[in-house]
Amino acid sequence: MEHVVPERLGQPPSSTGPGQEIYALAERLFPICRSITGDGVRGTLDILSEQIDLARHEVPTGTRLFDWTVPQEWNIRSASIIGPDGRKIVDFAQSNLHVVNYSIGFKGVLTLDELRPHIHTLPEQPQLIPYRTSYYAPTWGFCMAHDRLADMPDGLYQVEIDAEHRDGSLTYGEYLHRGETEREFLLSAHICHPSLANDNCSGLALLATLARILKTRKTRYSYRFLFAPGTIGALAWLSRNEDRLHLIDHGLVLSCVGDAGPPAYKRSRRGDAAIDRAMAHVLRREAGARLIDFSPYGYDERQYCSPGFNLPVGMFQRSVHGTFPQYHTSADNLDFIRPEHLEDSLRILMHVIDIVENDWTPLNLFPKGEPQLGRRGLYAALGGQKSSGISSMSLLWVLNLADGQHSLLAMAERSGLPFGELAAAARLLSDHGLLAEAAFEHRSR
Amino acid sequence: MEHVVPERLGQPPSSTGPGQEIYALAERLFPICRSITGDGVRGTLDILSEQIDLARHEVPTGTRLFDWTVPQEWNIRSASIIGPDGRKIVDFAQSNLHVVNYSIGFKGVLTLDELRPHIHTLPEQPQLIPYRTSYYAPTWGFCMAHDRLADMPDGLYQVEIDAEHRDGSLTYGEYLHRGETEREFLLSAHICHPSLANDNCSGLALLATLARILKTRKTRYSYRFLFAPGTIGALAWLSRNEDRLHLIDHGLVLSCVGDAGPPAYKRSRRGDAAIDRAMAHVLRREAGARLIDFSPYGYDERQYCSPGFNLPVGMFQRSVHGTFPQYHTSADNLDFIRPEHLEDSLRILMHVIDIVENDWTPLNLFPKGEPQLGRRGLYAALGGQKSSGISSMSLLWVLNLADGQHSLLAMAERSGLPFGELAAAARLLSDHGLLAEAAFEHRSR
Amino acid sequence: MEHVVPERLGQPPSSTGPGQEIYALAERLFPICRSITGDGVRGTLDILSEQIDLARHEVPTGTRLFDWTVPQEWNIRSASIIGPDGRKIVDFAQSNLHVVNYSIGFKGVLTLDELRPHIHTLPEQPQLIPYRTSYYAPTWGFCMAHDRLADMPDGLYQVEIDAEHRDGSLTYGEYLHRGETEREFLLSAHICHPSLANDNCSGLALLATLARILKTRKTRYSYRFLFAPGTIGALAWLSRNEDRLHLIDHGLVLSCVGDAGPPAYKRSRRGDAAIDRAMAHVLRREAGARLIDFSPYGYDERQYCSPGFNLPVGMFQRSVHGTFPQYHTSADNLDFIRPEHLEDSLRILMHVIDIVENDWTPLNLFPKGEPQLGRRGLYAALGGQKSSGISSMSLLWVLNLADGQHSLLAMAERSGLPFGELAAAARLLSDHGLLAEAAFEHRSR
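Residue numbers (the numbering used here), protein chains in the order written: chain A, 239 to 683; chain B, 239 to 683; chain C, 239 to 683.
Just chain A, same shape as in the assembly (with noise of 0.2 Å):
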């Protein structure tokens, strides 16, 4: 068994690590257009594969996912409103947010209480410009800061919105890390939100930089990597994966991993799953950390612990969407996610990689009686220090629950000291042939 120990695992993040290489990969993602289809997604994935070799599928409108239907690809070329006075009061050049995603195209002249309709704003947060969609409904509108709608005075207002639904496909993104076994880590990230930052340029761009390391190692697991629109681009993937989902050990969501949030887990709908009991030990050592049963809203983890799939995927991130007052504002910008909290975030990953690579289920073979670790170098000497039990727990620990019915994390979990330490003894323990492995098992259990 091959180990992934994360090189840089218990280090502070540092300000010219893999957390700059995240965020300057982020900065770059930020001002593409994205949608749920369209060439935003298709311009995102190009820059992802700088990183990583991605498979790129296009499904077709019209194609059947489950309940639902791929719709109409769109597309957005620019969109503004000039006020009576001939001034561009809202240009979606400036910022994408500024039309209401999916929008269908529309070009007039209205007054200004027959184009308040089409207007969306935040009255509790008055300077910024909210993030609206309409998928499935079509409508055109568009979004600003309250403040302005305020200021805008009666007249008439010459209305633009060059935007096209035609035909054409849905885009997603996909990378699979080959392990010495084809049972997987799915690991996913929603394609679709426009210029939002930790929503979900920092999921994006800490997926595709975890993707690139982990290419450079030998894993047990295979790693698939998936940057799909949310709901209807997990779906598509699900639809045409149906036959491999068996294959699926673990898994997760990403999504807002770039705020100064402490880190939380939504556990998967199982509750129980090996992901669900192997980050609760990694954030349990971290302050802050928030662990939260599943509910079935967020991100796509809706999909993949539906009650047809059930899979065990669960979901990272650090301030809880919906919860912080940038979710889904201008306000999520590039200011609100920094290095040093993807890199956090990428580290926590790696720690939650390292158990489910490492987990196994050891067997004592010298199960009565403790076997003599002195004789083998592996006991402090000198008995009757009041410290020789201290350094020696983890090794007493593997050695009796080492029953063939406790793998490595159940071990942690009982034992109440760090997976690693567990880890590290165990192979001492086996180095000196005091340990088997119980059994070949894909799953931690």
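None of these hints come from the bench; they were simulated from the model. Hints are not guaranteed to be accurate.
Given that identical chains are not distinguished, each listed pair holds provided it fits within a single copy or across any two copies.
Mimicking EDC-like on lysine to aspartate or glutamate, the simulated pairs with C-alpha atoms at most 16 Å apart in a straight line are [unchecked claim]:
| # | residue 1 | residue 2 |
| --- | --- | --- |
| 1 | Lys456 | Asp592 |
| 2 | Lys606 | Glu265 |
| 3 | Lys606 | Asp481 |
| 4 | Lys606 | Asp305 |
| 5 | Lys606 | Glu480 |
| 6 | Lys345 | Glu402 |
| 7 | Lys453 | Glu288 |
| 8 | Lys345 | Asp405 |
As the structure is a computational prediction, the values presented were derived from the model and not from experiment.
Keeping the supplied structure of chain A fixed, place chains B and C upon it in accordance with the hints.
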């Protein structure tokens, strides 16, 4: 499936509603001298029969009821103590608590010292008359205020209890509201206490009113109302219905439901029966409500939950019997119970009935991913709004857990959402062809 | 079934009772220089043999014990360090802690710098002599107060340890109190520590006294007392009794049972063995008592609970070993243990023995409804009294749970009532023909 949605659910108790009706009924029951047998029970059933078409059962003296035997019937006409000065000190006509319930007849002239062992008082509540019984040991006695006993001078007292024990029968009343199925909800109140308002004129009046309300409704369950003397009456009913007990899916014993205390529920011996879970769901939303584990002391849940039956029967009350100072004294009078508390108890009962009536186990017919709610008008058309998830949560929870393993009640427990909201969501989804019924089930799981 | 009700149960420890006897015995054991082999163990067994008819076992040097081998026997006659001024600075005759236990013999003249690596002190407790061992690495050494080492001038020191390792045997003592069945309760204390009063003269003296008390009693279980050197002695016993281990239903390791700390129990590896539940029941009523989950560090529960045996053996102590400042130092002396604490520990042991002796699973012969207790004189004749339920609660609980699935211990756990009260109730009900024994069971369930 017909829905029994209590009309007043969620409304504050009114001053002219069912609470007043229940109180008025309790008021009429209060003066009657009931006991475990005799004409007091029959007179009580006469009044209750004005509400519902009660079946009346007479079980002859000497009938074996498991380990018990129906005792002789007891009736009392009058009782008094006349003091040395010829004045009536104690008069049964003033309060039937004055005579030890089931007292044998007696007539004689006694000194105070001879009389005193036959007088029961409450030295710590010196102005109250205690309630005492002696069903199975033949003795005679009086109960009175301790202060009055202290004032009694030495001298000769004329004592008379005009009561008799003779072969007769034990009487109980029963009413069955037939539902669509023969699966039953048993509702039971003891009818053996004399002038004690909360314990249990309140329970008798509440049950009769509930029966009258249900009479006009179409229900899934059949509802069996039992008005029987404590212990011996419940045993009589059990012994005559042993072959029908398997039909009981839910049950509640009612007592002390009219005082100002917060609602309290004592779980069945099983502890996790559907009635236990449904009552827990209801009471978790009631301020100050208490959930109490089963114990083999209390009312007739002792018999229903004896190991040979172990029925899913819990006990509903307000102030917990035996813990409030008015308990089993003359202070448990018509001032101690109030219409608003009776109405509140009715509301809680209707709520739990609503749950067991409307609980079912749906099966998501589109279990792979979420079905497209927007296309069916079930989802906020304009996505991205911060609040969009909240109003849709009940739909999403029902769809997610509709794997045929979760009843709506189980969904309420897991989601933390009110049962009623989930039931409404399930109806809506069902109406849109998204849900089927997993299996016809009598029992809430 | 014979009942072993400890006579002193519930009484405050006396100043002239068994506590004094245990203390006096510990006092005699204290001066002896014990180790894992040698005449110190034999001398200790000589004294214990005055209490009970101990079987003494000698296991020859070189005998294989699972992964271990019996070492050469160690005996020491004297040891000293004489300073440059000719004065004896360290003398084994003053405290046997002064020599590293199992030290090899040595004689020589050394400079202070040469001597210092062989001297062990406690800089943070500079007036105490530490306890050190070196069983399996051949070395020599002294232990002394740090303050005295600091005062030692440069110069030449005459050092002598008159000790020898030679082929011999390991010694342990065993006593079996035969009960009605051959199912066993194992009680084990380590006999290898030299002059440390709490750890473990206290355990040895307590066990011997307990054995002497049980000798006169008729018991259901057989009680096996083991006085064996830590680790190697327990392994010797296990290796010689492998075919009998299945008979052990309960077990306790005892150590540090004489200090002023509150009682503490460390659960067996199983965590829910009958001994774990019985000890929890006892200790939940003891002020300050602690229940500690199993961990594979401590005393011989490490061997009994190794995965190849996994015996239902927990550990009883007062102050938790390794956590009190006197632990493994010269401050663990006869002042540190007190008769009243030893007696309190005895009381707790007797209580837990009382539970396992008297636990059984009754079957209610009148399971339908409550049997009529009043008719049998088992119930307050005059009903309605507020207090009537309290004194009858144990009868009602036993009857209610006597479905053949609940032992008395399980009833105590569910009802919250003391085991003894339920056991008395069950006897009374049994005497009245209301209960039968569900099945003959060796193990408390």
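Verification of the hints:
no.	hint	result
1	Lys456 x Asp592	within (12 Å within a copy, 58 Å between copies)
2	Lys606 x Glu265	neither (59 Å within a copy, 35 Å between copies)
3	Lys606 x Asp481	between (45 Å within a copy, 13 Å between copies)
4	Lys606 x Asp305	between (58 Å within a copy, 8 Å between copies)
5	Lys606 x Glu480	between (47 Å within a copy, 10 Å between copies)
6	Lys345 x Glu402	within (12 Å within a copy, 99 Å between copies)
7	Lys453 x Glu288	within (13 Å within a copy, 74 Å between copies)
8	Lys345 x Asp405	neither (22 Å within a copy, 98 Å between copies)
Hints 2, 8 from the list above are not met by this structure, while the remaining hints are.
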